[in-house]
Structure formats: C-alpha cells, structure tokens
Amino acid sequence: MDKNAIIDRAKDYIAKETDPYFRAEVEKLLADGDFKELEDRFYWNLEFGTGGLRGVIGGGYNRMNTLVVKSATEGLAAYLRKAVPDKAAALTLKAAIAYDSRHYSAEFAEAAALIFAANGIKAYLFSSLRPTPELSFAVRYLGCDTGIVVTASHNPPEYNGYKAYWNDGSQVVPPHDQGIIDEVNAVRGIKVISREEALRQGLLELIDKEVDEPYEAMVKSRLFRPDLIKARAGEVKIVYTPLHGTGAKPVEKVLGDLGLPVITVPEQREGNGDFPTVAFPNPEEAAALDMAIKLGKKERADVVMATDPDADRFGIAVPAKAGGEAGEETYTLVTGNQMGSLLADYIFLSLRETGKMPAKPVMVNTIVTTGMQKRVAAAYGVECVECLTGFKWIADVMRRYEKDGSGKTFVFGCEESYGYLVETEVRDKDGVSAAALTAEMTLYWRSRGKSLLDRLDELYVQNGYWQELGISKYFQGPEGKTIMQGIMDTYRSNPPKTLGEIRVTGFRDLARDGGDLPVSDVLQFFLEDGTVVSARPSGTEPKIKFYASCCAEVGSGGLKAAREEAARKLEAIKKDINRTIGNF
22 MDKNAIIDRA KDYIAKETDP YFRAEVEKLL ADGDFKELED RFYWNLEFGT GGLRGVIGGG
82 YNRMNTLVVK SATEGLAAYL RKAVPDKAAA LTLKAAIAYD SRHYSAEFAE AAALIFAANG
142 IKAYLFSSLR PTPELSFAVR YLGCDTGIVV TASHNPPEYN GYKAYWNDGS QVVPPHDQGI
202 IDEVNAVRGI KVISREEALR QGLLELIDKE VDEPYEAMVK SRLFRPDLIK ARAGEVKIVY
262 TPLHGTGAKP VEKVLGDLGL PVITVPEQRE GNGDFPTVAF PNPEEAAALD MAIKLGKKER
322 ADVVMATDPD ADRFGIAVPA KAGGEAGEET YTLVTGNQMG SLLADYIFLS LRETGKMPAK
382 PVMVNTIVTT GMQKRVAAAY GVECVECLTG FKWIADVMRR YEKDGSGKTF VFGCEESYGY
442 LVETEVRDKD GVSAAALTAE MTLYWRSRGK SLLDRLDELY VQNGYWQELG ISKYFQGPEG
502 KTIMQGIMDT YRSNPPKTLG EIRVTGFRDL ARDGGDLPVS DVLQFFLEDG TVVSARPSGT
562 EPKIKFYASC CAEVGSGGLK AAREEAARKL EAIKKDINRT IGNF
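For the sequence shown, the working numbering begins at 22 and goes up steadily by one.
Misleading hints may appear alongside valid ones.
Pairs of lysine to aspartate or glutamate, EDC-like flavour, derived with a Cα cap of 20 Å [said to hold, decoys possible]:
hint, residue 1, residue 2
1, Lys-274, Glu-446
2, Lys-32, Asp-53
3, Lys-502, Asp-530
4, Lys-381, Glu-407
5, Lys-502, Glu-68
6, Lys-424, Glu-407
7, Lys-596, Glu-549
8, Lys-564, Glu-500
9, Lys-24, Glu-60
10, Lys-566, Asp-510
11, Lys-395, Glu-407
12, Lys-564, Glu-305
13, Lys-32, Glu-60
14, Lys-494, Glu-562
15, Lys-274, Asp-248
16, Lys-270, Glu-231
17, Lys-24, Glu-46
18, Lys-274, Asp-229
Just the calculated beta-carbon pair ranges, DEER-fashion [unchecked claim]:
hint, residue 1, residue 2, range
19, Pro-287, Glu-68, 38 to 44 Å
20, Glu-549, Gly-578, 18 to 24 Å
21, Glu-522, Gly-578, 18 to 24 Å
22, Gly-536, Arg-221, 52 to 58 Å
23, Ala-582, Pro-539, 39 to 45 Å
24, Asp-23, Glu-592, 43 to 49 Å
25, Gln-222, Gly-426, 41 to 47 Å
26, Arg-209, Ala-380, 51 to 57 Å
27, Gln-506, Gly-579, 41 to 47 Å
28, Glu-404, Ala-532, 25 to 31 Å
29, Asp-189, Gly-536, 20 to 26 Å
30, Thr-351, Gln-199, 47 to 53 Å
31, Gln-506, Asp-203, 19 to 25 Å
It is worth saying that the hints were derived from the structure and are not from the lab.
Predicted, not measured: the structure shown is a model, and the values here were computed from it.
The beta-carbon is built from N, C-alpha and C at its ideal position, and this holds for glycine as well.
Build out the structure end to end from the sequences listed, making use of the hints.
Right under this line is the structure:
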C-alpha cells in the first residue's frame, strides 16, 4: 500500500474514532511523519478471524481499540439478527459480555455492550473482571444468543483481544464464524446509544453474584469425592497464583468452600494489565510460576497452581519428592500433556469406582495432544476422539454427540496447551474447575500413599513413556504472513522423507483433505516409530507452531532409559525443523 493510501486511511480512522487516547496516538504519528509506524497500523485491518480479534492495543485499523471493537460488535449484531430472525423481530435477543484484567478490557467490554444495546439486543455485562469459562457458563445459564469475552489470554501486556461465543457457550464455528466475518467486513456505519439510555430501556444489565454463585456451585458439584475432601481437606496445602488475572476470586471461593487451605501469592493476586512480576503471564512458561514456587517452598505446599489472566488455562508444579525440610524441596513442573493424562486417568477411575461411567464414554482431545491419552482412555474402555487445535472444536464434538443420537457421552476434554474441561455446563477450557478437581485428585492419591508424580510414573510404565516437543517461531510485520506461508508451502510441496533420522511413513495435509476433520492449514507427519509431528500457523498470533509427540516403551532399562530415548528422538527432530525454518 502506497504512502498516500496509508495516510488517507489514518485520516479516516481519526474521523471515526471517538476515544481521545487512540485518536491522539494516530494524530501524533501523522504530525511526526512516522510513516513506518503508520504503515504497520494501517497496511490492513486487524482481522476478525474464526475466533474473534487479537492484536496490539493502539490507534489504527490494525490495532485493538474502541473503533475496531465497535465495528466487530456491529457486524456480530447484524449476523445475529439474520441467524435468529424470530427473536430479532420479537426483540428478545440477548448477549453476555465479560472481560479480564488487561488494559482497556473494561472499556472495550462496555463499548461492545452498548453496540448490542443500540441494536436492540439486551446486553448482560459483568460488573468487574471475570474468567472466560464463567462467560461461557453465563451464555448458557442466562439463555443468551451470543457472548463476548475481552481478553488476549496469555499474550504479553501490549495485547488485547475479543472472543465471540454462540448460544451453546462455545466459541463460534462454521457456518457462524464465516457469516460473522462477512458481516464485520461489510460494516459501514455503527449504531450508538448512551450507557444511561441503555440502562433506562433495560437493554443493559450489570451482573455479578447472580451468575457467580451458580457457576461456583456447578464447579463444586462436578467433584467425585466430597466426603473425602470434607474428612481430609486439611492434609493438602495449596499455593495459587492468578498471575494478575481473573482467577483469584472464583478459585479462592471454590477451594475455600471445600475447606482446602489455599495461599494466594500476594504480589500476583490483584488484576493488573502490566503483569509486573512476570515476563509472560502464561502457566505454560516455567518462569511464570517462579514466584509461586518460591512461596510453595516456604509454605511446604503439596501443589502449586496457576491460571492465566482469563483463567481458562491451568498449570501446576509439585514437590519432586515426598518430605524434605522447608526450603530444601524442589518442584517439578507438570506439562499440559501430563496434566491431561493424570486428569483423564482420575476421571475415568472415579467414574468406574462410583458406578457413574456412561455406556458410551468419550474423551476429546486435539490432534497435537499426546498420544498417551489414547492408551489411558483405552485402558478404561473410553473412546478417545481427536479434533482440530482449539477448544471450540472440542465443544463442537460435544454439541454433535448431544444431537446425533449416537448415545455417546462426553466425559472429559483437554488440549496440550494447558486446557481442560471436566463439566458440560461450560463449553471452553476451565481453569477453575481444573483447579478444584486437581486438589481432589491430589488428596485421593495421597490417601493411597502416592503423589501425582508417583501416579504419573505408573501410567508411563503401563502406557509407555511419552514426551512432547513444542516449537514456536514468530514472524512480525507485513512480511510475516508471507514467510510463514513459505515455510508451510515448502513442507507441503516437498515433505521430508525423514525427521530426526526416523523415516516418515505417512503425511496428512488437512488443508486438502481433513477426512472427518474440517479443512485447516495443518500438516502432519507420521514417523515409523509412531512419533507424530505437526505444523500449523497460529490463528491468533504471528507465529508458526510445530508439535511432536513420541513414545519410548519402558523395557528392561526402566523409565530412565525410556526418557533418554525419547529425548534423543525429539532433539534430532528439533534440529531438522530449525534447519528448515532457518532457510527463510
């Protein structure tokens, strides 16, 4: 795009943006003649993708700001009226809106709520920050037709985002996603209404405890052994961090109601969009748990827990060995794949022991999640169904089973990126319920003389030692998409014959043939030893991601030899991937 076109787009934005802060940012860039920055902000529009919006906060069409949020909501409202015409005609459409602790989250959430109100759609707006899973619950509980949560999940502080949900509480999927995108792209004018007028007409309603209390009650109701918790809750000490996000209130309330001792990291308890104590507010990052682990050592905690800013992701660290003096014990981080395997095992075991296992139980995970979970599920007679990456696809499988008459019952869903769902009242990953169930699971295995790591080792002996690899490469700026596409095209047109010196025996291109899965820009390589390597560009960030899951059977050399074998394989695969990426 040439310089004059960029400048014209900047002037057009200034004329339309009502927020003085964002408008002034662009005015200053024009006055300073900073064309490089103007180009990055205006070379294209921040895309409303299949999950919504995510981008750097700032003025411009390629940034997260009030104008972009309003335009997106105007398009969503237009699609909603077309998709549910009877309710639109009767003026009974409803939307729920929540937001996290990021900068401008509250402002963006209210802006979206007022756009719904201006379109005659009643907006239920949480009065303060709430977790993403509670928004999903609220959509279903309040009988809403759509929902929005303003969050950028675990991204750095300069980001914010906007996720759109449908009436079943899940993020939008086909055909609604593309229909919403088309309406967003077609927006030419934005309806307006004041907060005062929206409240007066009953088109805006602030909510809090009327959803908080049933959500928290639901989480507690999904536990398997309330009597065990009641009798022995004091035996498990928990240190928890919400990483400056939304999790403190619900996690403390649920675990506190159960009588479980919880110590929240004081420096990270309150919401803060700067995330001042962590480089990345993401429990997937080991450094994000440093402060919690330090407190865990001091308090001799049995488990250290963390949720990300919108409390949908959940991670833990546990003592590497039982006992030890205060301050001497080391803590082991449990990966998302390991946590998913532990929870799957505990849920299936509990369903069987309590006589509640359904006739056709199904767990759902993604195509990049560890293969270990298939073996764990099979041992309990549970079917393991794969879907595309992203929890909306897990929710899509849940929806399908509820309607297809197959008799299949969803019992657990998880993905490798620290996402778990143990209930059906929510249709997104839920860090709050994962925290509660993990506390119960820790107590259960303790009552049998085992730690979570002891149980994990038992699962490895039974199912093989599984280890995973993740590589993320970022490509910023206008040329980033081109580079990522070039990498994918190279793998697509000339698939490697070996990876890590292991022969590739199968290749799947989901952009051309997804089989039972929706078409997606994902490549998978199936290696001779059972290792699976996947590659996909992120749908929300300027990065390409690679995943590898491999297994080493536990033989006469025991777990130590199996760990060494898996590590060797993954290191060789990593070198091959980095060599290919280095050519771009």
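Contradicted hints - numbers only: none
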